[in-house]
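Trainee: Generate coordinates for the entire structure from the input sequences, incorporating the hints supplied.
Residue 344 in full-length UniProt numbering is what sits at position 344 of the sequence shown, and the numbering runs on without skipping anything.
Source of the hints: derived by calculation from the structure; they are not laboratory data. Virtual Cβ for every residue (Gly too), placed ideally from N, Cα, C. Possibly wrong hints are sitting among the right ones.
To be verified - Cut-off 20 Å, straight-line C-alpha distance, at most; resulting in silico cross-link-like pairs (SDA-like, lysine to any residue):
id : residue 1 : residue 2
1  : K132      : L206
2  : K132      : N160
3  : K52       : S215
4  : K99       : L327
5  : K83       : N146
6  : K207      : R172
7  : K40       : I30
8  : K52       : S280
9  : K228      : N244
10 : K174      : K99
11 : K132      : S100
12 : K157      : S100
13 : K52       : D41
14 : K317      : L95
15 : K174      : E24
16 : K231      : R172
17 : K132      : K174
18 : K192      : K132
19 : K177      : L206
20 : K228      : S215
21 : K311      : E24
Said to hold, decoys possible - Pair ranges (Cβ atoms, derived):
id : residue 1 : residue 2 : range
22 : S314      : K228      : 20 to 30 Å
23 : G130      : E15       : 23 to 33 Å
24 : G173      : S27       : 47 to 57 Å
25 : E325      : D133      : 36 to 46 Å
26 : D275      : K174      : 42 to 52 Å
27 : N33       : S263      : 18 to 28 Å
28 : H150      : K83       : 23 to 33 Å
29 : H150      : E15       : 34 to 44 Å
30 : F218      : E24       : 24 to 34 Å
31 : D133      : N265      : 16 to 26 Å
32 : D237      : H318      : 22 to 32 Å
33 : N323      : D151      : 30 to 40 Å
34 : D268      : S27       : 10 to 20 Å
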Amino acid sequence: MSKLKTQSLHKRDSELANTNKQLEILSNGIFANGELPTFKDKIAESNQFPLKPKPLEILQINVGYMCNQVCEHCHVDAGPDRKEIMTKETMQQCLDVIKSTGAHTLDLTGGAPEMNPNFRWFVEEASKAGVKDFIVRSNLTIIRANKKYHDLPGFFKKHNVHVVSSMPHWTRGKTDKQRGEGVFDQSIQALKDLNAVGYGMPDSNLKLDLVYNPSGAFLPANQAAMEKDFKKALLEDFGIQFHNLFAITNLPISRFLDFLIASENYEDYMYALVDAFNPSAVANVMCTNTLSVSWDGYLYDCDFNQMLDLKVASKTKHISNYNEEVLQNRDIIISQHCYGCTAGAGSSCQGTVA
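Mentor: Next up, the structure:
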């Protein structure tokens, strides 16, 4: 892997590290000249504009962009060189909201959320809030990255954490191509460690789900069919078990947008997304039942809008002055990247939506 591929867009001083540049690309060209309809015009055809929130179900908190991996498709542009980390003060503000909100799911993400120095304190305190589903999104390799992380499977079990883990493929070649050399072997060992404490076993309530992202400029195949293939291969080859597979479409932002442009696939990919647009998926996109909180406490309609710095269209913009009633009256901010969540069976952090 070249040195550039081990650095974030920010570290490379790429023009795409500027979110305004990404939004400019998504608004111009084939969308500005009318070749393709904007997402706003597309959902207006089925009387679904403006998008409005439903009752809040999921509070997704990004505790920092620092990560031990630099994946080709990463919409967060995470990596070891990213220093944005949620402070304990902001975590406490999040805890105050968790205790008062009607959301039933708490979803911690990053980067590698485990690299936040206050991660374990936050998990311990958040677990006391009694949310129905407490998710930590782990890249798996962090469990094997350093001895101080080796006990994470036991820590997750103690707090009944629902582990959702990235796994691009059941083969070494495709996984390492997307995520870096050696990632596959470390991921397999981490999955075995999770299985060893009870995660992912058929009758276990210790939930272990995997996330698949395509490794190129194409949409994911049928989620149910892929889950069967993943389960068969991982069980036969490594004795590994897990519960569900979530197939997530790569959105044309950040490092995946950089890949699309560099490989001259941007226009073809946008055509594919628009051609696969499914109006029935719009009703259940994750921005309608989720709020995303950034490492510095600002509020976004979803994790992808967070990475484009598109804060919520509301007087309440920060976790410190959180007001669920005010937030419920907002319009959800959209742009052309939203086609990724409404293509085919739809896509969200919880997999397909239609």
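Trainee: Could you run down the list of hints and mark each one as holding or not?
Mentor: Here's how the hints hold up against the structure:
For the proposed pair K132 and L206, the alpha carbon gap of about 13 Å is at most 20 Å, so the pair holds. Between K132 and N160 the alpha-carbon distance is near 10 Å, which keeps this suggested pair within the 20 Å criterion. At roughly 32 Å between alpha-carbon atoms, K52 and S215 are farther apart than 20 Å, so this suggested pair is violated. The straight-line distance between the Cα atoms of K99 and L327 is roughly 17 Å, inside the 20 Å bound, and the hint therefore holds.
For the hint linking K83 to N146, the alpha-carbon distance of about 19 Å falls within 20 Å, and the restraint holds. Only pairs whose Cα atoms come within 20 Å are accepted, and K207 paired with R172 is rejected, the gap being roughly 24 Å. For the hint pairing K40 with I30, the CA-to-CA distance comes to about 15 Å; that is within 20 Å, so the pair holds. Of the supplied pair hints, the one linking K52 and S280 holds, its CA atoms being roughly 15 Å apart against a limit of 20 Å.
Between K228 and N244 the alpha-carbon distance is near 9 Å, which keeps this suggested pair within the 20 Å criterion. The suggested pairing of K174 with K99 is violated, with an alpha-carbon distance near 41 Å, which exceeds 20 Å. Proximity of K132 to S100 is assessed by CA-CA distance (about 14 Å); at most 20 Å being required, the pair is judged to hold. Distance restraint check for K157 and S100: the Cα-Cα separation of roughly 25 Å exceeds the 20 Å cut-off, and the hinted pair is therefore not satisfied.
A distance of roughly 16 Å separates the Cα atoms of K52 and D41; the hinted pair therefore holds under the 20 Å criterion. Simply put, K317 and L95 have alpha-carbon atoms about 17 Å apart, close enough for the 20 Å limit, and the pair holds. A hinted pair counts as satisfied when its Cα atoms are at most 20 Å apart, and K174 with E24 does not qualify at roughly 32 Å. Our distance criterion of 20 Å between C-alpha atoms is met by K231 and R172, whose separation comes to about 16 Å.
For a cut-off of 20 Å, the pair hint linking K132 to K174 is broken: about 35 Å separates their Cα positions. For the proposed pair K192 and K132, the alpha carbon gap of about 26 Å is over 20 Å, so the pair is violated. For the given pair, K177 sits about 30 Å from L206 by alpha-carbon distance, which is inconsistent with the 20 Å threshold. A C-alpha spacing of about 19 Å is found between K228 and S215, which places the hinted pair at or below 20 Å, so the restraint holds.
As the CA atoms of K311 and E24 are separated by approximately 17 Å, the hinted pair is consistent with the 20 Å bound. Checked against the given bound of 20 to 30 Å, the beta carbons of S314 and K228, roughly 42 Å apart, lie outside it. The hint said 23 to 33 Å for the Cβ distance between G130 and E15, and at roughly 45 Å that hint is violated. Separation of G173 from S27 is about 37 Å and departs from the stated range, judged on CB atoms against 47 to 57 Å.
Between E325 and D133 the beta carbon distance is about 24 Å. The supplied range of 36 to 46 Å is therefore violated. The hinted window of 42 to 52 Å between D275 and K174 is violated, with their beta carbons roughly 25 Å apart. Range check, N33 to S263: Cβ separation about 22 Å, and the 18 to 28 Å hint holds. The hinted window of 23 to 33 Å between H150 and K83 holds, with their beta carbons roughly 25 Å apart.
At roughly 40 Å, the beta-carbon separation of H150 and E15 lies within the given 34 to 44 Å, and the hint holds. In this structure the hint that F218 and E24 lie 24 to 34 Å apart at CB holds, the actual value being about 25 Å. Look at D133 against N265: about 36 Å separates their beta carbons, and that is not inside 16 to 26 Å. Checked against the hint of 22 to 32 Å, the C-beta distance between D237 and H318 comes to roughly 47 Å, which is inconsistent with it.
The given range of 30 to 40 Å is respected by N323 and D151, whose C-beta atoms sit roughly 39 Å from each other. Look at D268 against S27: about 18 Å separates their beta carbons, and that is inside 10 to 20 Å.
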